[in-house]
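Asks: For reference, the chains in residue letters:
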Amino acid sequence: MLLVVLLVSIAVVVVGLVGFVVVTRGSNRREALEPVAISTLDRPSATTTPIDVAVEPSEAIDQTGDLIDDVELPEMATSRVEEAVDERPRLRDRLGKARSAFSGAFASIRGRSKIDESVWDELEEALLRADVGIGPTTELLDAVRVRVMADNIDSTDELLEVVKMEMLRRLDGPVSMPLTANRPNIWLFVGVNGVGKTTTIGKLGRRLTDEGHSIVMAAGDTFRAAAAEQLGEWADRCGAAFVRGAEGGDPSSVIFDGIAHGAAIGADVVLCDTAGRLHTKSNLMEELSKVRRVADKGAGTVTEVLLVLDATTGQNGLVQARQFTEAVELTGVVLTKLDGSAKGGIVFAIASELKIPVKLVGVGETAADLVDFDAHEFVDALFARD
Amino acid sequence: MFETLSDRFDGIFRRLRNQSRLTEADVDEVLREIRVALLEADVNVGVVRTLQGRIRERCVGTDLDGPLTSAQVVIKAVNDELTEALGGETMRITFASKPPTVVLMAGLQGAGKTTTSAKLAKWFRTQGRNPMLVGADLQRPAAVEQLRTLGAQINVPVFSEATDPVSVARAALDEARRTGRDVLICDTAGRLAIDVDMMEQVRQISEVLQPDYTFLVVDAMTGQDAVTVAESFHATLELDGVILTKLDGDARGGAALSVKEVVGRPIAFASTGETLDDFEQFHPDRLAGRILGMGDMLTLIEKAEQAYESDEAEAAAQRLMEGTFTLDDFLDQMQAIKKMGKLSSVIGMLPGIPKEVRDVEIGDKEIGRVEAIIRSMTPAERIEPDLIDTSRRHRIALGSGTQPTDVQALVGQFSQMRKMMQQMGGGTIKKMKKKQSKKKGKGGGRTTPKGSAPLNKAPYMLPGLDPLAEQLAKAGIELPELGQRGL
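Same order as they appear, the protein sequences are chains A and B.
So the mapping is simple: our numbering equals the position in the first sequence, first residue as 1, plus 119.
So the mapping is simple: our numbering equals the position in the second sequence, first residue as 1, plus 27.
Hints listed in this document are in silico derivations from the structure and should not be mistaken for laboratory results.
There could be a bad hint or two in this list.
Calculated pairs, DSS-like style, for lysine-lysine (alpha carbon to alpha carbon, straight line, at most 25 Å) [said to hold, decoys possible]:
id : chain 1 : residue 1 : chain 2 : residue 2
1  : B       : K103      : A       : K400
2  : B       : K392      : A       : K400
3  : A       : K233      : A       : K283
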């Protein structure tokens with residue numbers, strides 16, 4: 120029974136605290152924020168962490184080369200890179216698995232002569248299995264029902280056409296990531312742990328250098344063990360300049376230095392890695408907002424803030440997107456690991472509810488396996504007849 | 028964030044109030060809501076269907092005459108069903124008679140295998156074992172480096188070579204025998220379940236190692252795909268259990284339920300944070316509540332037990348009930364809550380806390396401000412905040428680096444809180460006073476800042492606390508159980 124009393128007292132204290140915070144927040148929030156903003160102004164001089172700037176790519180090789188050369192699986196990985204380099208795979212080719220799972224359901228719907236309840240159920244289940252989520256699925260199917268009623272649609276072929284149209288409408292958004300004149304362009308990559316931020320930067324670095332752009336990679340993940348080494352190796356592979364700080368150092372300062380270095384060498388794009396963080400950790404999200412503020416203050420412009428999202432992510436993906444965009448104002452989503460059996464349907468919810476478009480899709484392990492998102496291909500692939 | 032299941036049920040159950048038995052139609056309506064809740068928690072569509080069937084069986088014809096409301100009956104049934112589905116008991120780890128005990132970690136990319144391997148090694152160390160880590164992830168750049176760094180942090184040797192994963196595994200086994208390590212934990216590269224070559228590779232590793240435990244590492248945020256992944260890994264490797272990672276986020280972890288249901292292997296461990304200590308054996312009952320969107324009471328109680336010293340808590344609770352709670356007590360309580368972890372997570376675990384409160388974020392800084400204000404008060408002011416006038420308020424504000432309005436707000440809030448407590452504890456106080464009056468004549472009035480000593484230690488019922496008891500029951504927690512756990 121004492122425990123109950125204890126819990127009550129906890130509850131009371133919590134309620135008291137919350138009340139106090141709410142009452143005083145109005146006045147204090149603004150005051151509290153200002154000094155932070157001011158203190159970031161003198162960041163570069165005040166907190167210059169030891170950084171080794173790999174001006175020459177070859178230098179970076181010396182540093183991390185030994186280890187990585189040994190550790191790599193050269194036969195497998197590099198051969199894949201070479202064969203894939205000449206031709207970027209199309210999204211459709213890579214969605215084989217997703218297509219078959221989806222089209223399985225759709226093929227069976229196509230076979231029906233009329234649209235009855237079981238057709239709707241099957242459609243719903245197919246969307247749910249693709250992680251579209253119950254809310255967006257219901258909303259999508261309601262919209263489809265309205266169209267079906269209004270247009271007197273009675274064949275399942277036409278029904279699926281309507282579903283497709285509705286899906287496309289929700290996925291519509293700018294995909295291109297144009298470079299602006301104010302160089303360097305700064306691209307920030309954020310996301311929860313283990314979604315593939317570092318790998319995405321590596322692949323994108325390869326792609327940008329192939330297109331003839333000069334790039335800098337900034338290892339803003341100072342938390343995870345060996346994260347900087349991982350990015351460093353990608354920088355070597357594609358000949359990008361690489362800036363890192365001490366492990367456990369301040370990520371903002373690493374990114375600021377990366378941007379400064381990019382400006383100094385006249386780079387087109389600075390790709391900034393950040394440590395994976397769960398969107399529920401308010402202190403880490405605050406750290407990320409600071410990274411964004413600092414990046415805004417350096418030379419060049421922040422043109423992209425991309426949320427990297429694992430295609431296997433379920434309904435939590437929407438929550439992630441919401442929290443991250445609150446902290447750093449996302450410009451787009453990178454959907455990774457779409458070459459597995461996961462279908463990444465959560466991007467429907469993100470695109471339709473938060474209006475954040477998907478820009479890139481990761482469909483494999485090699486550098487060339489990062490392709491532009493194409494809503495038509497994405498949906499087409501899901502609907503394709505085998 | 029999510030509506031709790033009981034919120035959802037409110038509308039349905041209002042109609043059912045006069046019924047004494049749940050009909051099939053009622054249950055079906057309820058099941059639709061449960062379906063939505065489960066799908067939002069990422070439970071697999073197929074698994075949801077079988078669960079619905081079982082819940083229906085449990086609920087139809089249930090008597091509603093008992094002390095529980097119809098909502099409580101259903102929620103309890105659902106909760107029981109989920110707990111059962113998640114695997115009733117915590118998995119027991121035994122050790123091979125001929126060391127080393129070999130553990131193989133497998134999973135998709137980014138599930139958290141490398142970090143989890145290190146956490147598991149640390150856990151084995153606390154069990155008095157001598158683990159060795161093996162880095163067989165030669166795929167991801169710097170993965171072995173990451174493992175070495177983590178190994179150094181927990182003082183566990185890491186073995187790896189620049190050959191191929193299968194040879195590394197073979198050599199590691201010899202190395203473990205040679206150096207007398209009794210547990211070997213093998214980290215492998217992340218792989219997609221549909222990647223035939225890579226699955227063959229991990230099968231070969233498994234053949235070489237002959238692991239005692241093969242764990243599939245699953246991200247708590249995984250969606251519908253969890254089932255496919257678990258099935259194919261199980262087909263290749265014969266899993267022994269699942270390790271659930273990233274449970275410290277707000278994902279509701281329905282994937283765990285799906286995996287358990289499909290491969291029939293228990294969830295052995297759960298990883299609940301970024302540091303290497305945030306790792307524990309898995310408790311099915313807690314996740315059940317979470318999947319349903321109810322508070323995680325048991326974890327809260329456990330944390331409270333650790334954070335509070337029982338005498339202290341007893342005394343504070345007593346004063347709380349009497350309505351003689353002082354700012355000093357408030358300060359003590361705050362310290363204790365701070366020990367329990369981040370305030371937001373504590374709030375999240377409390378059942379029945381309104382959404383508006385839940386959504387307010389309170390950082391350490393803000394708690395610090397409250398502390399500073401209270402510490403800037405004299406002892407007299409802490410006991411009797413009404414003493415604080417304009418001049419005292421200014422002094423306190425200066426002393427704590429805050430504004431006089433902040434001080435005012437805190438004092439106001441505190442008085443309200445005290446009033447609330449008095450109301451809640453009102454019934455109890457009367458009862459207690461009756462009991463007390465026979466033994467002692469003392470009715471009130473405090474002489475020391477910490478208040479009078481607790482008078483009555485015998486367990487008693489607190490009728491005034493019924494609102495909370497109800498909340499607890501709603502959350503599927505039975506009060507007798509609480510009593511047994513005791514402080």
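Asks: A separate judgement is required for each hint: does it hold in the structure or not?
Replies: Evaluated hints:
| no. | hint | result |
| --- | --- | --- |
| 1 | B:K103 / A:K400 | 31 Å, violated |
| 2 | B:K392 / A:K400 | 15 Å, holds |
| 3 | A:K233 / A:K283 | 18 Å, holds |
When each numbered hint is compared with the structure, a violation occurs for hint 1 only.
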